[in-house]
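Below are the chains, spelled out letter by letter.
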Amino acid sequence: MKQILEGSNAIANIIRLIKPAVVSAYPITPQTHIVEDLAKLKADGKADYEYVRAESEFAAASIVLGSSATGVRTYTATSSQGLLLMVEVLFNIAGMRLPIVLTCANRGVSAPITIWNDHQDAMTVRDAGWIMLFAENSQEAVDLHVVAYKIAEKLQVPVMVNVDGFVLTHTYEPVILPTQAQVNKFLPKYKPKKGTYLDVKDPITLGNFATPEHYMGIRQELHDEIAGSQELIKKEMEKWEQSRKSIKSIKSKVDVVDTGLVEYYGAKNPEVIFVGMGSMIGTVKDFVDNSKGRVGVLKIRSFRPLPAEDIIKIINKAKYIAVLDKSISLGEEGVLATEIKALGNNIKKGLRNSKPKIQSFVVGLGGRDITGKTFERIIELVKKRDSKVKFVG
Amino acid sequence: MIEIRIHGRGGQGVVTAAELIAMAAFYEGFEAQAFPNFGVERRGAPIEAYARISDKPIKLRSQIYEPDIIVVQDDSLLSVVDVFKGIKKDTKVIINSDKKLEDIFKTGCPVPTKNIATISATKIALEILGKPIINTVMLGFFAKFSGLIKAESINKALKDKFKGEILKKNIRAVEYAYEI
Numbered sequence: 001m002k003q004i005l006e007g008s009n010a011i012a013n014i015i016r017l018i019k020p021a022v023v024s025a026y027p028i029t030p031q032t033h034i035v036e037d038l039a040k041l042k043a044d045g046k047a048d049y050e051y052v053r054a055e056s057e058f059a060a061a062s063i064v065l066g067s068s069a070t071g072v073r074t075y076t077a078t079s080s081q082g083l084l085l086m087v088e089v090l091f092n093i094a095g096m097r098l099p100i101v102l103t104c105a106n107r108g109v110s111a112p113i114t115i116w117n118d119h120q121d122a123m124t125v126r127d128a129g130w131i132m133l134f135a136e137n138s139q140e141a142v143d144l145h146v147v148a149y150k151i152a153e154k155l156q157v158p159v160m161v162n163v164d165g166f167v168l169t170h171t172y173e174p175v176i177l178p179t180q181a182q183v184n185k186f187l188p189k190y191k192p193k194k195g196t197y198l199d200v201k202d203p204i205t206l207g208n209f210a211t212p213e214h215y216m217g218i219r220q221e222l223h224d225e226i227a228g229s230q231e232l233i234k235k236e237m238e239k240w241e242q243s244r245k246s247i248k249s250i251k252s253k254v255d256v257v258d259t260g261l262v263e264y265y266g267a268k269n270p271e272v273i274f275v276g277m278g279s280m281i282g283t284v285k286d287f288v289d290n291s292k293g294r295v296g297v298l299k300i301r302s303f304r305p306l307p308a309e310d311i312i313k314i315i316n317k318a319k320y321i322a323v324l325d326k327s328i329s330l331g332e333e334g335v336l337a338t339e340i341k342a343l344g345n346n347i348k349k350g351l352r353n354s355k356p357k358i359q360s361f362v363v364g365l366g367g368r369d370i371t372g373k374t375f376e377r378i379i380e381l382v383k384k385r386d387s388k389v390k391f392v393g
Numbered sequence: 001m002i003e004i005r006i007h008g009r010g011g012q013g014v015v016t017a018a019e020l021i022a023m024a025a026f027y028e029g030f031e032a033q034a035f036p037n038f039g040v041e042r043r044g045a046p047i048e049a050y051a052r053i054s055d056k057p058i059k060l061r062s063q064i065y066e067p068d069i070i071v072v073q074d075d076s077l078l079s080v081v082d083v084f085k086g087i088k089k090d091t092k093v094i095i096n097s098d099k100k101l102e103d104i105f106k107t108g109c110p111v112p113t114k115n116i117a118t119i120s121a122t123k124i125a126l127e128i129l130g131k132p133i134i135n136t137v138m139l140g141f142f143a144k145f146s147g148l149i150k151a152e153s154i155n156k157a158l159k160d161k162f163k164g165e166i167l168k169k170n171i172r173a174v175e176y177a178y179e180i
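Protein chains in written order, with the numbering used here: chain X, 1 to 393; chain Z, 1 to 180.
No lab work stands behind these hints: they were computed from the structure. Glycine residues also receive a C-beta, built at the ideal position from the N, C-alpha and C atoms. One should not assume that every hint holds.
Derived DSSO-like pairs: lysine-lysine, alpha-carbon spacing no greater than 27 Å straight-line [claimed, not checked]: (1) 56(Z) - 268(X); (2) 159(Z) - 373(X); (3) 42(X) - 163(Z); (4) 253(X) - 191(X); (5) 19(X) - 161(Z); (6) 42(X) - 88(Z); (7) 292(X) - 159(Z).
Going by beta-carbon spacing under 8 Å, a handful of chain Z positions derived as facing chain X [as the list claims (entries may be wrong)]: (8) 29; (9) 60; (10) 132.
Isolated chain X, as found in the complex (with noise of 0.2 Å):
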C-alpha cells in the first residue's frame, strides 16, 4: 500500500520487518527519527528485537558487533560524528566477516560543527570493508535495505546504506512499503554456517592474530570477495525488484539504463553527464526533464564495490563528466571524482581513445543547497580548460 512517510520512519518500518534479534544505537542528529521509531515500535510491542541503548556509538557497534558474532541479525543507525566514532569497530566488524547493516544518516563532519547533509561521514570510512549503497529517495532507502540483508549475509559482508540526512530522513513523501510475506520470502531467517559464529557446543575464535603469513592473505580475500560481489548484489536487486510488481516503473521521456548498480538517466546522445550519489540525484534529474541541452546524469547507487565497466560503458558516450561529490579529499578533489578518473586504467575495456573530460565538482558540503542553477553553472565551467577542482553554490 502506498503511504505517506517520513524517511526515517519509512526506514524504521522496513527495519522491523526485516526482523533483527538485536538493534543497538546512541541518537545522534539526523539519525535520531529512525532510532526513536525503532523504540517506539518496540515499546508499542510491534516489534520484538532486544533494543539495547548504548552509551556512546562506539558501544553501539560493539553491541552489535558482539550480537552478530553469536550469530545473529542485527541492525544499526548513526551519523557524521557518530560513524566516526565507530571507526575502529567498523573495521573489526568488516575483518571478522559479520553481516551487519547500518543506516547512515549522512551528515557533515566537524569542525566547524555542522548538523547537515554532505557525504564527509561515509567517503571517511571508505576503506573499512564495508559494501556501500546510496539511497536517491525515501522508496530507494526501504528497498536497498532489504537488499542490504540479503548480500550481507549470503557474502558474510557488512552493508552500510546511506540516506542523506534531513533531505531524506526528515521528508515525508510517498512510498510502498513491502508485506511481511514479502519480505520473508525475499529474507528468509538467518542462519549462519555452522563454524561461522560464538557457540559454547563449538567454540571458534573470530578476529584472532594473525602473523604476515596470514594477515595479507586474509585481506585480499576480503577485497576480492567485495571487488566480485557486483553480480551477486545486481541479481539480488532484481530478485526483489521482481517480488513486488506492485511498484510500476514510470515511463520517461529519457534513456533510463538501470544495472542496478547504477542508473543512467537523460539523453540519448549526452554531451554532458552529471555523475553523484544520494538525494541529489532526483534534482539532477528534474534539471535533465526541464532542460535543453544534452545532458544525463549517472547515479552511483552502488559505491563499494564501485562497478567499473557500467560506469565506462555510460560515460564514454559523453564528452564532459561533471562528477558532483558531497564530499572533499581536503587538498585533493571530490572522493567520487578521483575514482571516476582511476576507472579507465583498472578495466581492460577502459575510456575511449578521445577520453571524455572528467572534472570534480564539490556541492551541497553542510547542507548548501543543490539547485538548477548549481547544474548551469557546472555545465559552464565544465566546458572550460580549466581542469580544477571546483566549489559551487
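Once you've looked at the hints, dock chain Z against the given chain X.
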C-alpha cells in the same frame, strides 16, 4: 507542480503544517513532499517549511525559492523576514493577523489584493482550542483560499497524527476556518 512556503516561529508547528498539507494532498491522489528548512529549531525563532504538490512523481529536492503559495503564521514576522521573497505574478498569500490589509501594508501591498488574505487565527484558536496553537485554523483557511485541497483531507491527515479530544477540537478548527 504547486510549491508552498510556510513562515512561522519555532513552536508554532510550522513543520507539522507542511506535513499535513502534503498528507492531505496525497489523500486526494496527488504526489506530495514536505520538508523543513532544516534549521536549528528554537522556540520563537523564525522557521520555514516547504511542501510540493504535483500530479507527477516529485524528484526535485531543492528548497522553495519561487512559491505559488505563502503562509505566514505570525504577522510579527513581516518586519523580520522577507516573506515575499521570490513571489511570482500569481502567488497567493495568507497571513495570520488581526489587522486589516491596508493597516499592514501602509505603503502598498506587494501582491494584488485578490491574492492575499488575513485571518485572525490566534483569536479563533484561543476560542476553539483554548490555546494559541494556530496551525489547524491556518490549514482550514489555506484549503479554502487556495482551493487546492478539501477540509476533509486535512482532517484525514490529522487523524494520522492526533487522537481523542485534541483531534476533535482540531477538526472543528479546520472546519470553522474553512467556512469563513
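Right, here's what the structure says about each hint:
Between residue 56(Z) and residue 268(X) the alpha-carbon distance is near 23 Å, which keeps this suggested pair within the 27 Å criterion. A threshold of 27 Å between alpha carbons decides the hint, and for residue 159(Z) with residue 373(X) the separation of about 39 Å lies outside it, so the pair is violated. For a cut-off of 27 Å, the pair hint linking residue 42(X) to residue 163(Z) stands: about 21 Å separates their Cα positions. Proposed proximity of residue 253(X) and residue 191(X) is contradicted: the alpha carbons are some 45 Å apart, above 27 Å.
Between residue 19(X) and residue 161(Z) the alpha-carbon distance is near 25 Å, which keeps this suggested pair within the 27 Å criterion. Taken as a hint, the residue 42(X) and residue 88(Z) pair is broken in the structure, with Cα atoms around 48 Å apart against an allowance of 27 Å. Between residue 292(X) and residue 159(Z) the alpha-carbon distance is near 44 Å, which puts this suggested pair outside the 27 Å criterion. Taken as an interface hint, residue 29(Z) does not check out: its beta carbon lies about 10 Å from the nearest beta carbon of chain X, beyond 8 Å.
Among the interface hints, the one on residue 60(Z) holds; its C-beta lies about 4 Å from the nearest C-beta in chain X, closer than the 8 Å criterion. Look at residue 132(Z): its Cβ only gets to about 25 Å from chain X, farther than 8 Å, so that hint breaks.
Hints 2, 4, 6, 7, 8, 10 from the earlier list are contradicted by this structure; the remaining hints agree with it.
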